[in-house]
Amino acid sequence: MAQPEEHGGSSESAIVLDSDLKELERLEAFIDAFCERENLPEKTRYHLHVAIEELVVNAIRHGACDPPQGAIRLAMRMEAGEVRLTLCDTGRPFDPLSVPAPDLTASVVERPVGGLGVHLVRCLIPDIRYERREARNWLYLAKPVVADDDDSAL
Amino acid sequence: MAMEITRADVDGCPELRVSGRLDSYWSRHLGEAIDELLREGIHRARLNLADTSYISSAGIRVLLQAYKQFVAVGGALVVVEPSARVREVLDLAGLGTLLGTAAVAPAKEAARGDAVVWRLEEDGCAFEAYDCERGARLAWRVEGSPELLPAAAFEERHAATFKLSRDVMALGIGAFGDSWAACRERFGEFLAVGGCAACQPTDETGCADDMVSTGTFTPSLMTLHSLSCQGKFARLVRFESAGGGGPVGLTTIVRGCLAAAGPAGEAAPAAGVVLVAESAGLLGAALKRPPVGNGNAALFRHPEVRQWLSFSPVRSHTRAVAVVVGVAARAPVPEPPAKLLRPLDADGKLVGHFHAAAFGYRPLRKGYIEMEATVRRLFEGGGLQGVLHLLADHRPGCGAGESEFTRGACWVGPLESISSPEQTS
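Just so you know, the protein sequences line up as chains A and B, in that order. Read in order, the letters of the first sequence are residues 1 to 154 in the working numbering. Read in order, the letters of the second sequence are residues 1001 to 1425 in the working numbering.
Everything labelled a hint here was simulated from the structure, so no lab data went into it. Computed from a predicted model, the values in this text were never measured in an experiment. Be a bit skeptical, because a hint or two may be false.
[Claimed, not checked] In silico lysine to aspartate or glutamate, EDC-like type, Cα no more than 16 Å apart, as pairs:
| id | chain 1 | residue 1 | chain 2 | residue 2 |
| --- | --- | --- | --- | --- |
| 1 | A | Lys43 | A | Asp148 |
| 2 | A | Lys43 | B | Glu1088 |
| 3 | B | Lys1068 | A | Glu110 |
[Stated by the list, open to error] With the Cβ distance kept under 10 Å, some of the chain B side facing chain A (calculated, not the full set):
| id | residue |
| --- | --- |
| 4 | Tyr1025 |
| 5 | Ser1053 |
| 6 | Ile1055 |
| 7 | Ile1060 |
| 8 | Ala1072 |
| 9 | Val1089 |
| 10 | Leu1092 |
| 11 | Gly1094 |
| 12 | Leu1095 |
Cβ atoms here follow ideal geometry from the backbone N, Cα and C, with glycine treated the same way.
Given only the sequences and the hints, what does the whole structure look like? Please build it.
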């Protein structure tokens, strides 16, 4: 099951994942294939990997998707020089934009160990929209392509 | 791509080099490798991330956790040569300070090493003692009637209330609760020390339970019988298995504690001991049923013993940290405590009674440490696995042996007076 689907004109790639950390390897290969096809710069690829993994792992760890089979779907396409992503899961309602930003000024020892994932996603992907409908979480993300020598993007 | 961890010694400092991905899936292996360093007693280490191609928040979580563990034991963990990708993400997470700032100094002797007042190496164990409160003694007390235990003959009138005072350590049979009805079905082994207590309930849950006193809140236990010591400890005795020998048996540790406890350097005849140590395996037993309202039982007789006590001839809680509370003495011991003390060594010259609470592994700081702070950190960190009565079985050939430890800290006080108040009826 869960083969990447090709959609004609818009050149969208999609993958359906089980709610299981073992799927990360397949997810990785899928992102790599997309970035390769679109010839994306190294840095953009890395940002996509980090951000998508955070969101998918969150859904797997905390979403309690039932059944776990085919619970998560990720679609990626290029539009107007941006990578457009749609991530959908059947887990508990969770809006990552509602998570307060961590206190980055606290000393390392005082820092809570968790809560950084969503912060990283928001740093790496400037444009995120959340919707809850049809008993699913929908995230729409747009990541501008960053040139490898561009440090300002962070 | 997977992840690989290689270990090397760089300028006398252990260095873990991580190549590949520190993601949700692989980073826990790094956590395990770091735990292993701490278990070996290493308190300073480097983490080389030059070949780490990817780090996610899960990887950062492992780094943060490890960093805190090293700081907690007075050591240091430094991230060196992070790849550009790792550096970018660590910067985003506001964790620049984790990056290698200074070279890691080779491990130094504990800062209070000059305060060591006594040393001994015996039976494959190296001991070092520090003064806590010179000349301090512990007052001990037996409450209740331990002789009712073998027949499971305890009744409501035998129960007493025990408050978790911070200067009292105790062990016995008890349960959390303030009424007979609440405790009746749950009485089991307990220990209390430094304002913390742990119980092994005998109800169906079988899940060990603990409580910690806070500023205004002093929890209490209902006990069927207890042995308690009150006062200050004279010495802190640190021990570690020496000369490449295996773990150290409880008897060896207790002998070292008695030898260190005397006020003028002579051995004490009897002492109260609180031990916090890395367990190589505990040998003990716990009640399966509350020893109440019976009177005709024979808990310790075969085959009935199987219905009453859970006992495994194989050591449990290997790789745990144990808090052990008890009393030890050189035989013969005057009544009444004698009936609570059992032989610890093969020839019965050393007697004692110890209960242990096992916690998930946490490294122990080296050198001089405070008893209450150390114990409270363990209790407050959660991870209580169980409470048991420690056994010594030295029968030649078929004996199961005794509990064993690799290193730890014992707070010891010679016993001052013996008192057995009126029956609490």
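*Enumerated hints in conflict with the structure, sorted upward*: Violated: none.
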